[in-house]
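Going by this note's numbering, the sequence shown opens with residue 1, and the numbers climb by one from there.
Hints may be right or wrong, so weigh each one.
Unchecked claim - Pairs of lysine-lysine, BS3-like flavour, derived with a Cα cap of 25 angstroms: (1) K240 to K251; (2) K51 to K304; (3) K51 to K108; (4) K296 to K108; (5) K124 to K144.
Read the hints as simulated data drawn from the structure, not as lab findings.
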Amino acid sequence: MNIGAMGTASGLDINAMVDKIVAAERAPKEERINQRREEANVELSAYGRLKGALDGMKSLMAEFRQGNTLSARTATSDNQDMLTVSANHEAQPGRYTVEVQQLATAHKAASAPIDDSVALGAGKLTLSVGGQSFDVSLDGNESKLLDVVRQINRNPDNTGVLASVIKDSAGARLVLTSDKSGERNPLTVTVDAPAGSPLQQFAFDSTQPASPMIEMQAAADAKVLIDGLAQISSDTNTLKDAIPGVDMDLKQLSANSNQPQAVIEIGYDRDKAGAQIERFVNAYNQFYDTTKELGKFDPSTQSKGPLVGDSMLRASVQQLRNAFSTPLEEGPSSLQTLSELGITTTLTGHLEIDYDKLDRQLNTNFADVGEFFGSRKGFARRIEDLLHAYTGATGSISNREKSIHEQVLKLNNDERDLDRRMESVYQRTHDQFAAMDHAMGQMQSQLGSMMSMMPQP
Numbered sequence: 001m002n003i004g005a006m007g008t009a010s011g012l013d014i015n016a017m018v019d020k021i022v023a024a025e026r027a028p029k030e031e032r033i034n035q036r037r038e039e040a041n042v043e044l045s046a047y048g049r050l051k052g053a054l055d056g057m058k059s060l061m062a063e064f065r066q067g068n069t070l071s072a073r074t075a076t077s078d079n080q081d082m083l084t085v086s087a088n089h090e091a092q093p094g095r096y097t098v099e100v101q102q103l104a105t106a107h108k109a110a111s112a113p114i115d116d117s118v119a120l121g122a123g124k125l126t127l128s129v130g131g132q133s134f135d136v137s138l139d140g141n142e143s144k145l146l147d148v149v150r151q152i153n154r155n156p157d158n159t160g161v162l163a164s165v166i167k168d169s170a171g172a173r174l175v176l177t178s179d180k181s182g183e184r185n186p187l188t189v190t191v192d193a194p195a196g197s198p199l200q201q202f203a204f205d206s207t208q209p210a211s212p213m214i215e216m217q218a219a220a221d222a223k224v225l226i227d228g229l230a231q232i233s234s235d236t237n238t239l240k241d242a243i244p245g246v247d248m249d250l251k252q253l254s255a256n257s258n259q260p261q262a263v264i265e266i267g268y269d270r271d272k273a274g275a276q277i278e279r280f281v282n283a284y285n286q287f288y289d290t291t292k293e294l295g296k297f298d299p300s301t302q303s304k305g306p307l308v309g310d311s312m313l314r315a316s317v318q319q320l321r322n323a324f325s326t327p328l329e330e331g332p333s334s335l336q337t338l339s340e341l342g343i344t345t346t347l348t349g350h351l352e353i354d355y356d357k358l359d360r361q362l363n364t365n366f367a368d369v370g371e372f373f374g375s376r377k378g379f380a381r382r383i384e385d386l387l388h389a390y391t392g393a394t395g396s397i398s399n400r401e402k403s404i405h406e407q408v409l410k411l412n413n414d415e416r417d418l419d420r421r422m423e424s425v426y427q428r429t430h431d432q433f434a435a436m437d438h439a440m441g442q443m444q445s446q447l448g449s450m451m452s453m454m455p456q457p
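Could you put the whole structure together from the sequences, leaning on the hints where they help?
Here's what the structure looks like:
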């Protein structure tokens, strides 16, 4: 700040002197504000890290509970050229033989050859797929074959008909294809045009032998035979729940394959379940390492973490350990605690897995492992609820963060108040020095007058 010139009477640099005085008064107050704000930001960052570690576990528990990741199934086909297979957690393990007798196809028809350079005249085509129809009105001036194709494809009410043109040595043909496969989705075309109109050659109904258009491909359902007994039909080549919980994508007829049947096997996905449990252990250990780092104190160096002595750190660790060791009240009888899965706490406070014990549980009690974690009152729900008390919108960490944010806002206000006070101090100090300089000027003037009245030697 510079509000005046150098003192003319005293010869002193008033601005520089005032700046130093104000800076000396401002420095300790500003330093305290900056230090407290820096501490607040460090705490916010620390709570953010803690919340992130807890949220990682919380999200994993929600995945266990909602995604049935610990009840996953394996599904394999020994002939993937014929069919591929997938299974959800409800599928029962088993072995099945599948014969693909028929693939689902979409209805397809073609007209007789015509001259595509000639207008076909005015009229209306009504096209239908599976009972849903739409109309295409043709103007006599825009009724060449390509016009018909464009009007069909661009019609906003098109219910699923693709029109195209193919040309052979005999001429051009209109080809219509349904976008839906299966017997329930036949394609029909009715024509409203004068008798003898070239548009009449586009009429089509596969149930009428005299239809002008030719059926190129029938509307057919997929058909499979499972274990030589159950015949299943579908209007698409994806069969859902033909075997409960199992989906099959049909690729090829058995007659065209190098083997007459595909063998599919459904089993428990023990590897995936084990990997998910390992993810949980790693997530907890990451959280625990975070708490140790945030709350550390080294007596030899006096270095400390940003949350040293924070009761929330100790409480979160202790509550999780209690939850790990407390049996589930409504858990499966064969599995009620983590230790029965081979998951225990080490002397360092981390979790570790006895893989032999875990593998035995997965091999003998796979369904119980999924129930232990994912049931309505299972382990995942217990941990998720516990963590929500910390990371939820009204949780402990959120309340701490809110309090710190309020402190930072107050510090920002304190800084603005300090700026205003320092402006006042600067003005007052500058005025005092200016008054002193003015007084010195007057004294010098009076002294000069006195000296001028004295006789000269």
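Evaluated hints:
no., hint, in the structure
1, K240 to K251, "holds (15 angstroms)"
2, K51 to K304, "holds (20 angstroms)"
3, K51 to K108, "violated (59 angstroms)"
4, K296 to K108, "violated (74 angstroms)"
5, K124 to K144, "holds (14 angstroms)"
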